[in-house]
Amino acid sequence: MSEFEPKIVAFVCNWCTYAGADLAGTSRIKYAQNVRIVRFPCTGRIDFMLLLKAFEEGADGIIVSGCHPADCHYTSGNYHARRRWMVFKDLLDFIGIDSRRIVFSWVSAAEGAKWAHLVNDTVSEIRNLGPMKEYKNLENVSSNKIGELIND
Amino acid sequence: MARIGVFICHCGENIASTVDCGKVAEISSKIPGVVFSTDYKYMCSDPGQTLIKDAIKKYKLTGVVVGACSPRMHEPTFRKVVASEGINPFFCEMANIREHCSWVHPKGEETTQKAADTIRILVEKVRNNEPLYPIKVPVTKRALVIGGGIAGIQASLDIANAGNEVILIEKEPSIGGHMAQLSETFPTLDCSQCILTPRMVEVAQHPNITLMSYSEVESLEGFIGNFKATIRKKARFINEELCNGCGDCTLKCPIKKIPDEFNAEMGKRPAIYVPFPQAVPNKPVIDKDNCTHFKNGKCQFCKTNCSAGAIDFDQQDQLITVDVGAIVVATGFTIKGTDFFPEYGYGKYKDVVTGLQFERLLSSSGPTLGEVRRPSDGKVPKKVVFIACAGSRDPAKGIEYCSKICCMYTAKHAMLYKHKVPDGEADIFYMDIRAGGKNYEEFVRRAVEEDDVNYIRGRVSKVYEKNGKLIVRGVDTLLNSTPVEIEADMVVLATASVAHSDAESLAQKLHISYDSYNFFSEAHPKLRPVETNTAGITLAGACQAPKDIPESVAQASAAASKTIALFSQDLLTREPIIAVSNKSTCVGCFLCQSVCPYLAIEREEIKDRNGNIIKTVASINSGLCQGCGTCVAFCRSKSIDLQGYTNNQVFSEVSALFERSEEYV
Amino acid sequence: MTELQNIAKKLFDDGSINLLIGYSNNENGGTSAIFIDNSADIDKLIYNENCHQNLMVYFQKPEVKKFGKLAFVVSLPGLKSVLEIASENQIKDGDAYFIAIDKDGNPSLLQDFHQIEDFITNNQTKPPMGLLKLMEKINNMTREERWQYWTDEFSKCIKCYACRSVCPLCYCTQCITDINIPQWISTESSPIGNLDWHIARAMHLAGRCIGCGECMKACPVDIPLALLTANLNKSIAIHFGDEPGMKADYKYPLSHYKLEDKENFIR
Amino acid sequence: MKIGYFPGCSLHGTAPEYEASLKLVAKAADIELVEIEDWNCCGATAAHSMNRMLSIALPARNLAIAEKMGLEEVVVPCAACYSRLLFALNEFKLDEKVRMNLQPIIETEFKGNIKILNVLDFLEKYVMDALKNKVDDKFKKKAACYYGCLLVRPPKLTNSERWDDPLRMEAILKKIGIDSIDWSFKTECCGAGLSIARTDIVGKLSGKIIEDAKDRGADMIVTACPMCQSNLDMRRGAINNYLKKDNNIPAIFITQLIGLAFGYSEKDMQFDKLFVPISFSNNNFSNNNDNLKMQKSKVKEVKV
Amino acid sequence: MNNYKLITKQNLHSFFDALQPKNTIIAPKEINKKYYFKPVDKFEDIALDYIQTVLSAKSVLFPRSDTLFNYHRADGDYNIDEPSPIEKNTIVFGMKPCDASSFVYLSNFFLKDYQDKNIKERLEKLYIISLSCKEADNACFCTSVGSNPASTKGSDLNLTLIENDTYYVEVVTEKGQELINYSADLFQDTKEIDKSKYIANVPQKFDVEQAKQNIDSIFESPLWVKDSLACLGCGICAYACPTCTCFDIQDIGSQFNGSRVRNWDSCAFDLFTKHASGHNPRPVQSQRWRNRIKHKFEYSVENLGLISCVGCGRCIRSCPTSMNIVKTVQIFQGV
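Protein chains in written order, with the numbering used here: chain D, 1 to 152; chain P, 1 to 665; chain Z, 1 to 267; chain E, 1 to 304; chain X, 1 to 335.
In case anyone wonders, no lab produced these hints; they're calculated from the structure.
Just so we're clear, the structure is a prediction, and the values are computed from it rather than from any experiment.
The calculated label-pair distances, taken between Cβ atoms and stated as ranges, are:
(1) Z/GLY241 <-> P/GLY437: 55 to 61 Å
(2) Z/ASN25 <-> X/THR8: 40 to 46 Å
(3) Z/ASP95 <-> X/ASP41: 55 to 61 Å
(4) P/GLY33 <-> X/GLU302: 42 to 48 Å
(5) P/LEU478 <-> E/LYS174: 41 to 47 Å
In this text, a Cβ means the ideal position worked out from N, Cα and C, and glycines have one as well.
Pulled out of the complex, with its shape left as it was, chain D reads as follows (with noise of 0.2 Å):
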């Protein structure tokens, strides 16, 4: 199997990184093609649940974009959303996910070329880190051989 490639899911906000990704679009900007978008109204809609969600269905690297402080379109929600990940980034690391695997930016509408370049650097980073092993060896399904049965 060639190198491998890391899947990545980007959670952005509509204004500004999804608005900033569709500028990288039309100036015709190359970047790598690891990324799903998953479009928000506002970073500070974006659910910590559905990072994890993320990481379960496959994901070896997640980007939270959004709008730069002072210009999000609802004034407040990236600040929300700031100091909700610096709480949510110290607990994983305590638990041991590696939280190097979640890059936060703010990419504004009019920066589609750092939107390429945040895409580019977060797959050559997550492909250094490699797959995201700590999901994958957490079999999802419940064991019921009798040997294991008190969750051993």
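We have chain D; now place chains P, Z, E and X onto it with these hints.
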């Protein structure tokens, strides 16, 4: 079970050149719930739209996913198509396989697979979408126009003439903006005051327009149709009702020496002043910082001289809150001062002036009553050098754009100077002459041929003062780049037009976006030049980008037409993307209320039959909620959900992210 | 009659309460909650250092509320949880009386949040050293070791939700675990399901948990749950300087922001 | 306090008085100037007009040696050398390829975290606070501060704010009681390297500078660059025959004045080395006698 | 075939080694001063001197999360894949007699009418070696519910420690004999011994028959409320209890692949009886506690003729709010 139709657009070659649309349609047809999947060259075209309509009828579709361009572009188009067939428009979603896929990735299997994945993600979303109906919101049929320049005046008149109330606020003591400071205007050289003053008077006398000069926006809340603006009416220390504008007070003020803003610091004004003779409102204002009364509390000259008793030293700033339905931002521009230019002496030389200052010298209401006299010694300059593109088109100075109007007003300045000083010599150092407007080029030719203005194509490297003369060292690139040194009596810099210093803070107060030069950003450069990304707020004039008077007036009327269109319906239909709370599971911790930027969440008491309170829960005011969803992500018991982006919808999108297609091949 | 019983008796006698929730010895040698609705059983009321259960959890229970005016015997953690749920509009001033037991064991009657705040500030207890040492040990582990440690711990979880039921801050009638559209947290006791549950619980308690440690004591399989919230509260104190359970008008750190919040981890 | 010192060819060659005054000033402010061992030529204009890598390697080697000697800062009195070293350090920091193939060329490890000071930085940072007394008032002279080009440009590298009308020297001289005139040729070109090949051009360019300083009543021109000083001073002949009259306004180094302020004698400051002499006895200052009054000359277009 | 044997502790070790290779052996293991049933492969790991484990061994038969089947979507349709059959037999080595008797209830409950495939297969491959109780604590009340510390009900083999290192073995069923045959020589025959003096003394706490009369009859009563005020509705008592058999079946996964899983459930949970409409027939905790008691002492007797409580005392020991089933029954006995 959902019956979903998938429609893949080729967008001519834009998508088909790198994405195998046929294969994507084929892969998508295998997704459970997809009963029809096809691809077509132009989905947004009429035949494309009819293709969707027929498919809806034939396959009795309940949901549609269109794989094409960005939803920010054609989502309304396809939602209208779906609605026309009786399906709730929110059962139609767009998958962005152009800007986010075909345009940014090379042709190949991986790109096609990414397109298929993007479609599948949106199919999962549509499967869980719910029908939503537009929210009807009352519209306050009153407009707020910020900025009383020609753009603000024009917008106010248009909106008011359409029968709507307008509140026009202006930061300076009088409306008129920069146009009032001009002597004559290109290309017709008709006197600026003569064409502007009637409009200013019309504004002042218009029954529908409330003029609030010397006032600024303090804060803005609410949303389209229901803005609540708080305006700070700065204290003028003049009671406007009593004052009859006789101006006696300005004559008696002992302070005479304050450089006045209207004349771009060329002239002097007293501490209590009327900016210019034709000021509207023609009421003076006391400059608090320079007035000795506010320093030592004793001087009362103006008060004693006021026959109408209109002077009131303890007047305070007033904060007035008004309900408005739409806002036109027409705050205009300013220009760079001579101190911005190291090579021209950092503003050290008095006879190096800006275009606006020279305009004031030319103006009959100017400090020199129209005679062109040098600021240093008052002599009539025999040799004037004009330097175009001072600061503009200069990346090293951080201003890359062309300020658009300087070529024309520099030609005008030279022409007017020659009219006033026939034996004078006017040289203009220029890079290119940009005279693209109607009769503009002819105007410049007239300057060259009739008034023999000497155009030298080249940049000026340095201006320095020597024995009372200004030595201008430049180059003439049309005479094989020989260096040129002119001993000039006066140098006029056509300095760059830039945004006001407080433009950024105003943008943040109004939640509208602005570019890196602090000019306000239009929603779309080509198709929506006067609207902003914030619904209900439009732009007019130079606050959006440097432009001349004709364009500002045109934009003002355009912004007015947008506002009038908004006011034409009593009820404004709003996107139903708002939050909804589940009152049975909410435990009233009100974490949501503390994060809502629009204060859209209220406390509702649930009472039992005999009136005692069982619990207080969160309830969403559908008028105020803008649908940002921050509360939804914060609610621990998931008792609030955002219509259009419900927890289940985004969760199903994430679940479908990486399901490989071979699952169901 | 101990000092505690005197106070209780006075409350009953002047009719200001209908139910007193305190501690008493139980049949198998430990101490547990006792619900006294008349002054007869006051003699069963006791307090010693192994009365650790956080009785404030009963404030939300419908059948306890039905009794009307309540009084609680509370230790310091209990008092802190009063202020925390007060800051979340679950309890108002005067909803209940609190007989607070200070460091050296003597009770005092507190009636409003102001008194509680003062009581807490001058009765600061030293942090649980055992917990902090274990947290230190874990923080010094490498990331892989931490992951291994926590997956082993979480794999023991049988999702009996005792940690949720003994916590006074888990008062939601519908918990995120009860939602199946969408199924945020899988219902089975699988490595993934357990991980989601414990991350969600920690995040929901971040900046709120006052560290009474009841969750850890209630867990039948001894998962060190209090570690998660203690570590989060430590980093929140560092980032934003807030500490829960000190003030009734406490501003939940995650729902307020400052413009100059640190963001060096954002690109 | 040890500071690295890179003399460059001028300070050991045509401008010994600049080095002497600098060293004495440093000693007075108890700063030890540690000359970089086995320093090599900075490449000046020759290198960067021939080969980019060479123009970076030459100065980089000096910096690498300075770094190895444990020096954190190095003062470079000559403006040309200052510009070359600054340029090399900047290229080193920005350009990946330079960092890679510099190593084999200079054969010494270079990390690039050394700071480069020009003489004004050095005076402002280390000398001016140590200097309390003023030049005695019998030395009532007006200075024309001449910066030349490389001391202030390119602004991005030298990060000087008022790079077209700098005021740093004026401020320094003010501290030692010397007033400066406001003139417009502070950063005009003196003709630099053309001094040898095309002395006539130097005559014209430096002539304009001398003329403007004289017209505005300056008694002396103060410089901080050996090349400018040599053109303004040594080429006075060419200047005078360009201006068609004798101008004997002297051109001296700023460090010489600072030396006087520290109390060193004129001999220590080697004022005797000047082509156009300067004298300090109070009023028989040679260049203000009347017979040489300048007529008002009209600056006409000069055809080359 | 003599059903009474003796075996020295040493031989018991080699008997274990004989059993171990071909069977999965589950036994009580000590983890920081608490005992849990865990798979063991070394005799030393087994803790033989324990009073009771935290969680019961019912998960040998009825695991916390039991995958009934997996499904995945292929060529346009859904495919069901049954869980893989169990190869090895399972031996629970060192279970207490009360737990052993709970398996009688479990087999009766699960195989009453519908034959649950997973459980049936596990039951056939299950061998129970019980160990009579040397000591008990005041949470034990097996004697009050018709059992005793040396009961052989439900066991295949019953060991009782008589002298300090010999065990008196009773072969109760053929399965027991099968186990013996692994290495019969390790055992010496003996005649029946009266075990009563080697076992713990568990005083009887209540007369279950008399208590039942009140439990069966009293439904609406403040007694239930007063007694259950401390209960917070967690799931420990049901999950730890060897005879609590309620479960909830869920489909876990996406429309592409996943599995149908049977999870433990507890009547103490609010969600246990909540209707889709939101209505809950048992909205408050006292009704749920009442249901727990009545199920064990009234409803299961009506349905299966067996009291579904074996007196192991786990619910008493692990309840975070010290609810006590014995106290409740005593209250209703005394009413």
